[in-house]
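Using the sequences and the hints, build the whole thing.
Spelled out from the first residue to the last, the chains are:
Number of protein chains: 2
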Amino acid sequence: MNEFDLIKQYFRNVSPVVEGTTLGNGDDCALLQLKPNQTMAVSVDTLVEGVHFPCGASANDIAQRALRTALSDLAAMAATPRWVTLALTLPQHNSDWLSAFSEGLRADLHAFNCELIGGDTTRGALTISVQVMGVVENYPALTRAGAKVGDGIFVTHTLGNGAASLLQVLGKLQSLALPNALCSELDDLFYRPELAFYVAQQLHAVATSAIDISDGLVADLKHICTASGVGAKVNVAQLPYSATAKSLAKGIENTALNSERLTAQQLLQQWALYGGDDYQLCFTAPAHAVAELKEQTPLAATQIGVVVAEQGVQLHNNGQALAVQHKNGYTHFE
Amino acid sequence: MNEFDLIKQYFRNVSPVVEGTTLGNGDDCALLQLKPNQTMAVSVDTLVEGVHFPCGASANDIAQRALRTALSDLAAMAATPRWVTLALTLPQHNSDWLSAFSEGLRADLHAFNCELIGGDTTRGALTISVQVMGVVENYPALTRAGAKVGDGIFVTHTLGNGAASLLQVLGKLQSLALPNALCSELDDLFYRPELAFYVAQQLHAVATSAIDISDGLVADLKHICTASGVGAKVNVAQLPYSATAKSLAKGIENTALNSERLTAQQLLQQWALYGGDDYQLCFTAPAHAVAELKEQTPLAATQIGVVVAEQGVQLHNNGQALAVQHKNGYTHFE
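Listed in order, the protein sequences are those of chains A and B.
To convert, note that position 178 of the first sequence is 178 in my numbering; the numbers rise steadily by one, no gaps.
To convert, note that position 274 of the second sequence is 274 in my numbering; the numbers rise steadily by one, no gaps.
Treat the hints with caution; some may be incorrect.
What the hints assert, rightly or not - Straight-line Cα separation of at most 16 angstroms, EDC-like style, residue types lysine to aspartate or glutamate; simulated pairs:
#	chain 1	residue 1	chain 2	residue 2
1	A	K172	A	D61
2	B	K35	A	E137
3	A	K172	A	D187
4	B	K233	B	E137
5	A	K35	B	E137
6	B	K35	B	E19
Worth flagging that the hints you see were computed from the coordinates, not collected in a lab.
Note that the structure is a prediction, hence the values are computed from the model and not measured.
Given below as structure tokens:
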């Protein structure tokens, strides 16, 4: 099967057709049109087998993680997903693998209503580059710059799912004999992280800056501080943890896996601050504006600190200073 | 050096800033704006070491081939290049390699006036995915569909450089002891194919369809025929060959490399029909419209055939039928 047949069989008609596509997949280029009041947001992310996901991961899972980790950058700018291109490098043609990959892709392209408008398939080590293009309409995009001294620092939903699910995917939890339901929930959280699009759409009017948490809260908050020329003071006592992360932390607390003998609470803190891969948003906004917004509509956001003039990220626990560790959430499966 | 430092050192400020960029490299997404009368053309191409270029090729060369082979798809639609994203997967951090890669990239980003607005760097087998975004303004883009029975079939500039330079890059010409100047010219043609942007801009008003010749003239012309629902009748006697390809064909004619004992003319024909990688355009247009255009402005285009109703590609040599071979220009360095 040559490249053209492969694309036709597995990647044609895999996605919805969205507004603004003048010409989709199948010619030299796709052709796209924006309305006058629309700005296009573009980002690209690459996943490499053995680095960003374990060797032997299911093709369905890989497709969904690749798409979602890329789409997360659109959420961080309060853009609405619209178009995707896929550069897929594969060691060999394997129709079972390709069918599963295209099924995973299809499900998420429909879930996020974006159209696959182009791509390239090549022979080589398994590598997936996804470029996402979204639209920001009638309001400015959220960037990392714009945080003001005195703003509150917020995170969307909860933290800890990224780090907890990574332990599962790395195979580190095998000795715990966790219930199957929890294992598969952790797998799910890794390959299908929940994205913060809905919250982003709600908060764009009040937020002064935003970033998606892929490298860890501390590392990503530093990007906001650098871009905005401000500092951040975070109260770790206010960090919101996911129920799954909480139960895993409890389960690990008194086992050999907890080599540093941390409490469940301390484990959660580490995961939330440095674990990364949560794909939730960290944003800044005047606290009163967020409070007003919460009176009008439920907003899944928790204040965790304040923007200060002194550069860098400071951590404290209800006023007691905490050292910032210089590690980041970079994950490596080799 | 982490990913952020690497991007800052080698890929920030590597390109011009172009019209329509609201926010460039460095945030979660780049932000782009089009004018109301503009359409965006998008394409992605991946090069894998050992498949699309030989192992050990210079980083400067790889960067330029990666960018140009991607840009060629914009030329085929008569789009003007504007934005580029780069997904670069590398086996290790090597500052000499990265400096050379970014220098090659810088030169061509400036040559084609396009801005690098985003990317991702990851660890793995050397793989380069380049996504190009261009603008089609005030006229429809050229697509593969639209060829009409009776139209002339044309190619831009000359053919044969792709196949000739591939022989050099594959190391097949070593026994010939060619002059250094010719060897380096052939290397140049492979890594820096000349693109047909200028001709594309001239002919967009008269052409009914177009494609860039990457897989070989016959294979690419078949794509036009399929998309347009027509057939093509090509007179191989009219194929325009490059001077370099001609001198190489003469040089090979009476050597062991010419295992099929073809004449120089037959070698050139094979290269032009099936060799691919020429990155010239094949387009269709009413012959009289092209003739009129040629009276107003020099147009580097040669008629090589006519569009016919009978599906598929037929070849003849001044009326004498020639069999179409079922091979394509796919190149493999493994």
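May I ask which of the numbered hints given earlier this structure violates, with the numbers listed in increasing order?
1 and 4
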